[in-house]
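*Asks:* Starting from the known structure of chain G, fit chain F onto it as the hints suggest.
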Amino acid sequence: MLNWFKKRKNSGKALSNDEWVEQLTPPPAEQAVAKLRMILIRGLKPALYKYVDRELDQFVEDTTQDALLKILDKVHTFRGESKFTTWAMKVAVREGLSELRRKKYNDISLSDLVANDDESGRDEINQMSFTDESPGPDRATHERMILQKVQKMIDEELTDKQKTAINALMMHGIPIEVVAEQMGTNRNALYKLVHDARLKMKDRLMAEGIDPDEMLNQL
Amino acid sequence: MKLTQDKLKSMIRMVKMTLDHEIGCDDCYDQLHEFAELELQGKTPEKAMPSVKEHLERCGNCRQEYEALLKALEAVAA
Numbered sequence: 368m369l370n371w372f373k374k375r376k377n378s379g380k381a382l383s384n385d386e387w388v389e390q391l392t393p394p395p396a397e398q399a400v401a402k403l404r405m406i407l408i409r410g411l412k413p414a415l416y417k418y419v420d421r422e423l424d425q426f427v428e429d430t431t432q433d434a435l436l437k438i439l440d441k442v443h444t445f446r447g448e449s450k451f452t453t454w455a456m457k458v459a460v461r462e463g464l465s466e467l468r469r470k471k472y473n474d475i476s477l478s479d480l481v482a483n484d485d486e487s488g489r490d491e492i493n494q495m496s497f498t499d500e501s502p503g504p505d506r507a508t509h510e511r512m513i514l515q516k517v518q519k520m521i522d523e524e525l526t527d528k529q530k531t532a533i534n535a536l537m538m539h540g541i542p543i544e545v546v547a548e549q550m551g552t553n554r555n556a557l558y559k560l561v562h563d564a565r566l567k568m569k570d571r572l573m574a575e576g577i578d579p580d581e582m583l584n585q586l
Numbered sequence: 002m003k004l005t006q007d008k009l010k011s012m013i014r015m016v017k018m019t020l021d022h023e024i025g026c027d028d029c030y031d032q033l034h035e036f037a038e039l040e041l042q043g044k045t046p047e048k049a050m051p052s053v054k055e056h057l058e059r060c061g062n063c064r065q066e067y068e069a070l071l072k073a074l075e076a077v078a079a
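The listed protein sequences derive, respectively, from chains G and F.
Going by my numbering, the first sequence opens with residue 368, and the numbers climb by one from there.
Going by my numbering, the second sequence opens with residue 2, and the numbers climb by one from there.
Just chain G, with the same shape it has in the complex:
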């Protein structure tokens, strides 16, 4: 009873981190939840408006609701390195952007990307393949050589999973969490897989005495 009274009494002023944690620890105080909800909505609207083409208000409401559930579930993990509301806003922003990415790439299939690229990629290399305006003959030769070099590195150094990931992330610009889900893994593991791929390519360049800056200058 006293606890409930304390929770209600503090409803008017800004809450300290300890107060937030206390009032949101199950069973959460209604007013604290309502207060946090307003803060999240106020932040999410400007943060997400450029990614949402219509019904921003509804999307923000839905995101806030989902985020609140996650926040209440994880409130005990808050370690106090920032304001509580900053930490909570981080959860809400991820919730919103993750949902937007899922919706945008709902129909994507990584296997379709690979099937479409496999042959066309090689034809590109053979035909001095850049799609922008044709360079002069010497430059075109240099560019084709670089393409061939990079393609060879990819073929020889990377695993099939790494090639799939690189193709989706770098060539097609698909968000890492979408690719991770399609590959049956998580974002963190996929980042590490790609990091390993980049390391292999960097080591290969070094082993062949190739300076990446020089490569870039020739393109």
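Some clues are possibly wrong.
[What the hints assert, rightly or not] Okay, the calculated beta carbon distance ranges per label pair: (1) G:ASP474 x F:THR45: 39 to 49 Å; (2) G:VAL400 x F:ARG14: 37 to 47 Å; (3) G:GLU428 x F:LYS48: 21 to 31 Å.
[Claimed, not checked] In silico DMTMM-like links for lysine to aspartate or glutamate, alpha-carbon gap of 20 Å or less: (4) F:LYS10 x G:GLU575; (5) G:LYS417 x F:GLU68; (6) G:LYS450 x F:GLU40; (7) G:LYS530 x F:GLU47; (8) F:LYS10 x G:GLU389; (9) F:LYS17 x G:GLU523; (10) G:LYS519 x F:ASP7.
Hint data in this document are derived by calculation from the structure and do not stem from the laboratory.
Note that the structure is a prediction, hence the values are computed from the model and not measured.
Built from N, CA and C at the ideal position, the CB exists for glycine as well.
*Replies:* Chain F alone, transformed into the frame defined by chain G:
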């Protein structure tokens, strides 16, 4: 999808920027709220938390979340 000069350049740049040790998305996310607050306070989070900064330079998704978080926090502070 046709390979473009820009995409090849982008890939070479990413390879060039690769560090032997990079934190993953989970570690970055764990520290992102702290990093964002330091930034908004006008401090230099890249000095206090360089591995987070390095990750944000290399991971588009995390960078997008960080920029959105900054916007959200600025709106709430206004």
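*Asks:* Determine for every hint whether it applies to the structure shown.
*Replies:* Here is what the structure says about each hint:
For the hinted restraint 39 to 49 Å between ASP474 (chain G) and THR45 (chain F), the CB-CB distance of approximately 43 Å keeps it satisfied. Checked against the hint of 37 to 47 Å, the C-beta distance between VAL400 (chain G) and ARG14 (chain F) comes to roughly 45 Å, which is consistent with it. Here the CB-CB span from GLU428 (chain G) to LYS48 (chain F) is close to 39 Å, at odds with the stated 21 to 31 Å. Among the hinted pairs, LYS10 (chain F) with GLU575 (chain G) is consistent with the structure: their alpha-carbon atoms are about 19 Å apart, no more than 20 Å.
Restraint check for LYS417 (chain G) and GLU68 (chain F): the C-alpha separation of about 12 Å stays at or below 20 Å, so the hint holds. Between LYS450 (chain G) and GLU40 (chain F) the alpha-carbon distance is near 14 Å, which keeps this suggested pair within the 20 Å criterion. The suggested pairing of LYS530 (chain G) with GLU47 (chain F) is violated, with an alpha-carbon distance near 31 Å, which exceeds 20 Å. With a CA separation close to 51 Å, the supplied pair LYS10 (chain F) and GLU389 (chain G) exceeds the 20 Å bound.
A threshold of 20 Å between alpha carbons decides the hint, and for LYS17 (chain F) with GLU523 (chain G) the separation of about 19 Å falls inside it, so the pair holds. About 19 Å separates the Cα atoms of LYS519 (chain G) and ASP7 (chain F), which keeps this hinted pair within 20 Å; it holds.
The structure is inconsistent with the numbered hints 3, 7 and 8, although it conforms to all the rest.
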